[in-house]
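K.L.:
Okay, here's what each chain looks like letter by letter:
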Amino acid sequence: EAQVTQNPRYLITVTGKKLTVTCSQNMNHEYMSWYRQDPGLGLRQIYYSMNVEVTDKGDVPEGYKVSRKEKRNFPLILESPSPNQTSLYFCASSLRGKLTGELFFGEGSRLTVL
Amino acid sequence: GNSVTQMEGPVTLSEEAFLTINCTYTATGYPSLFWYVQYPGEGLQLLLKATKADDKGSNKGFEATYRKETTSFHLEKGSVQVSDSAVYFCALSGDDKIIFGKGTRLHILP
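Protein sequences appear in the order of chains Y and X. At position 24 of the first sequence the residue is numbered 24 (the numbering used here), and the sequence of numbers has no breaks. At position 76 of the second sequence the residue is numbered 76 (the numbering used here), and the sequence of numbers has no breaks.
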């Protein structure tokens, strides 16, 4: 089954404790992206990757890191989480890059930073 | 720059009512337009799309027509069901990035 898998789905952590949210897709998609969803703000893009070893900042990259060492994986790293990073995070992928708009989304990871 | 504006919710309707969720856009060039739906506890999924002016996207009884003259892509459904309760996002894909509207929450009452 074609899917985007995120882990963990739920996480409660404390300020400053490094964490990684993993994202994996099994569709051989070139394009992958991370979004955060907050009430009243909709979806905001954090980082995206057009292909292996190619990553770019989205609208709200501060406090986040990403890497794309393999085509299928695109982990989101919070080196020193803060309470304002409490949010619902989505990973998404697309076959032919950002221009098509046809994104496949994971089920989301709800992160709480105390 | 490109932007998407959609009506604020929540929108509450009775089952079998007619639905319209407004979406307008600002873009350079010729973007593709999309509606995504997010059911409770799930990620977004593509509902329908249109890639050029006057195209009509349709799926699951929902329709939207790409209107270049009014820069709009309103979502419509003739008879909604309780199972349509979700958050709906309008989006555009242009020259540089994919942009989402803020989402409209829809509640359908039985």
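Be careful, since some hints might not be right.
Below are the DMTMM-like pairs computed for lysine to aspartate or glutamate, each with C-alpha atoms no more than 20 Å apart in a straight line [unchecked claim]:
{"no.": "1", "chain 1": "X", "residue 1": "K52", "chain 2": "X", "residue 2": "E69"}
{"no.": "2", "chain 1": "X", "residue 1": "K97", "chain 2": "Y", "residue 2": "E53"}
{"no.": "3", "chain 1": "X", "residue 1": "K77", "chain 2": "X", "residue 2": "E15"}
{"no.": "4", "chain 1": "X", "residue 1": "K52", "chain 2": "Y", "residue 2": "D59"}
{"no.": "5", "chain 1": "X", "residue 1": "K60", "chain 2": "Y", "residue 2": "D59"}
{"no.": "6", "chain 1": "X", "residue 1": "K97", "chain 2": "Y", "residue 2": "E79"}
Hints in this document: simulated from the structure, not taken from any laboratory. Since the model is a prediction, treat every value here as computed from it, not as a measurement.
K.L.:
Provide an ascending list of the numbers of those earlier hints which the structure does not satisfy.
P.N.:
Hints 4, 5, 6 are the ones this structure does not satisfy, whereas the remaining hints hold.
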